[in-house]
Amino acid sequence: MSRQDTSDIVFRRILAVFPISILILVAGIFFQLVNASLPSLNKFGIGFLFTRVWDPVAENFGALPFIFGTCVTSLVALLLAVPIGVGTAIYLAEYAPPKVSKAISILVDLLAAIPSVIYGLWGIFVLVPCMRNSVQPFLGKYLGFLPFFQGPNYGVGFLAASIILAIIIVPFIISVSREVILAVPSVYKESTYALGTTRWEATADIVLSYGRVGILGAVILALGRAIGETMAVTMIIGNNVVITPSLFSPGYTLASVLANEFAEAATNLYLSALIEIGLVLFLVSIIVNILARLLIWSVTKGPLDVIK
Amino acid sequence: MKKILALVVAMAMVTSFAFADATLINGAGATFPYPIYSKWFDEYSKVNPGVLFNYQSIGSGGGIKQITAKTVDFGASDGPMTMDQMTQAPGRIYHIPTVMGAVVIAYNLEGVTKGLKLSGDVLADIYLGKITQWNDPRITEQNAGVNLPSTSIVVVHRSDGSGTSYIFTDYLSKVSSEWKGKVGKSTSVNWPLGLGGKGNEGVAGMLKQTPGGIGYVELAYAKENGLPYAFMKNQSGAYIEPTLASTSKAADGAAIPDDFRASVVNSPNPEAYPIASFTWLLIYKHMDDHTKGAAIVNFIKWAITDGQKYTADLDYAPLPANVVEMIQQKLNQVKY
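For the record, the sequence lines run as chains V and G. Just so you know, we're using the numbering used here here: the first sequence kicks off at 3 and counts up by one. Just so you know, we're using the numbering used here here: the second sequence kicks off at 39 and counts up by one.
So that you can see chain G by itself, here it is in the shape it has in the complex:
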């Protein structure tokens, strides 16, 4: 018994010594980028063993709340903070894009594999309940040669508040004024109709079992689960398959404002997949703690350059070069 006790005490001392001179950075927020962030924290600890990260994926709303309350050193969000939220924060907050993600439109139609062609206005009208059958002329006219059944469309959406829903409703608000007026964009909205599934897995589960179902999930999720997904018509009229490359293109050529609080859905780039977005880290322009501030800025500089090579394996789209350059300039303005 005594031996065990001694061992425990010894281990506790060793570990506390090991961590004694490491800087611990706390972060919280979005769940969507959690896999790539954990990968980055792990890889970065090999590059710079002096910094340890602790990230809680509690959701974008929680990330915004915690960075506003300064209970964490950085926040993370899938949707930009609103003006109202920005003014509530005790200091100026910078939005730093880290990776990009795409939301794909998946469906369950017997005999139709991936590549059904859809335009934004049709998608909005499906989610508004104005197009109710798969063989509606507005769908069939875009899909010559595809035999679409007269099955009723069963609309599936996320029931939990999520960045995925934010990107999706942001897109629908851009392409449909009726959607913008009636429903709007948010992590949760008042859905006009449909079934709500909890999480990507909930939506995918309902889609797989509901003939005639249509829903939206993250690109990685659709790929890993073999869900058939639609090619979306972009601003220049081309039908684009959601891939990592076409997702990155969404931010390439789009007007990115200086504060990065930009929505890149419905991108003007002719090669871009239209339902794509950044995910952001939220940091204060004036960091209270010099050591932590330096560590965070150095980490971000690493993540947006060297770190981007880990994105493809985890199905995130890397930032385009023009955005990386803008972020590097922005980081120079951070004071610590």
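Same shape as in the complex, but just chain V:
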């Protein structure tokens, strides 16, 4: 029986402006990137994505080593950060005494606020020597049969960059996951306790099941941050244009090459190749997000396991 008031209509239309402005913004960025990378798009075509050379002197450009570097560092960072992040979130939300939980939560928020250049400096002066002197020799000795842990040991490289990335994204995973877990209605937990479950069973079956969408969302947010992270990675990845299975090897990422070379790129083709790197980064982010959405849809299709 509701009749729309004029104010309602006005309010609805005003609100609609905001999402539309976001659409325009994204479309504008995409258009501008394509437009500015036209010289490079015309010259190298689709081969840009599969070329392993980046030679500013001969003006021969390809993005493959950078795409490889971005994907490897982001994925390894997620492998390291997700267990720590989700584990911490469960502990904080379900097990920790309220005082401890509050104290750690403040620390986590503090970590999230540290600028990445600080992480980078810490990486150069603390993490890299530690990688070179302890972590990588250890990995080489016990896991050296795997191609990931072979090769010369400089300290800087894919592994060091991935660890820094993991440290940077862990606070995001913890914060969001903790909120998600806290939002699980206690009725569900209490009813499972009434059925005689242990706390572990309640957490594993009810809380994680109910909160999986939100936790996946946290992971996607973190992945986005990892893909785009620039300064800290640039400072410790070693900036070497190479494709190799070895995580000890110095590497390069899309964001790093932009940060490194944009200011001094003087010729048109060079500049437009760099902007095309930006376009590739944009597309990689979109593709990863779409894949993540599909993943969420596939997990959320069925009802909760318990209710089933």
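There may be inaccurate statements among the hints.
[Said to hold, decoys possible] To give an idea of the interface, some chain G residues facing chain V are shown, with a C-beta separation under 10 Å as derived from the structure: (1) S190; (2) V192; (3) G201; (4) S224; (5) N228; (6) G234; (7) T248; (8) F269; (9) I294.
These are computed hints drawn from the structure, not numbers from a lab. Just so we're clear, the structure is a prediction, and the values are computed from it rather than from any experiment. Using N, Cα and C, we set each Cβ at its ideal position, and we do this for glycine too.
For this one, chain V is given, so just place chain G on it according to the hints.
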């Protein structure tokens, strides 16, 4: 609240009056000379309070782009513009050298302090990956009496595009035909091997922590951070320590062309350190604005004479007298 507002308005009026009759000159470009340029702008404002400078150190590439687009009144670059870039500019651009800088070869070798002797061809082969150990005969034969370990050489270079890399690769291209053919010279190149550090601090940071490391940084940076650096063999066969004096010598006696777009690496002067270069201001021969044109030319005349006394404190090498004289004649051709 009203009082504060009134105060803000009053201050805004005062400042706008103060700046009203000053000429504002905008410039952008190279980061390497930024400290000396800011010092000059500051000191020059005491000599001539009527001119204010605004300089953005966005990098040489950006400086060239902005002066070409005429969005700034002058540009600045650590490498000369290419012929291609010159023809893209809407007018004739003059390169005016302001100070000189040296690039030093720093290393991390236990027990070896500064003064390791290196020649250009050996340096090029290290960066090409052909010499991989510190006790390679080609290094040891130049360093009798120095106990060089069998440590692997870890090559470090700049990852960001920079004038320092330009000077370094320009030098390697001069002394090694293989380097010239395979890699070439630019602010960023396709490095055959090695680790890339961002900025002088990135290279220095990696060097300090990598035993066996070799890298290149600006002279000032190596001095301030106490990095041991090599004495380089110059064209006449002498091993020269990089100092401000030996850097200035690089342009003294070298053939400097009329347009100053000269590379002075591997200088023929027997006292010159071989990896040295000018840094340039980029100005139009025909200035659009009379007041600004006059202000810029007067500033440059001051900078290359009186201004040179501020160079030593900031670890820049002053221009040799013959170059100063050439610039003064060149400035007379600028129309405004």
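The hints, checked one at a time:
no.	hint	in the structure
1	S190	8 Å, holds
2	V192	7 Å, holds
3	G201	8 Å, holds
4	S224	5 Å, holds
5	N228	4 Å, holds
6	G234	3 Å, holds
7	T248	7 Å, holds
8	F269	27 Å, violated
9	I294	23 Å, violated
When the structure is compared with the earlier hints, violations turn up for hints 8, 9 and for no others.
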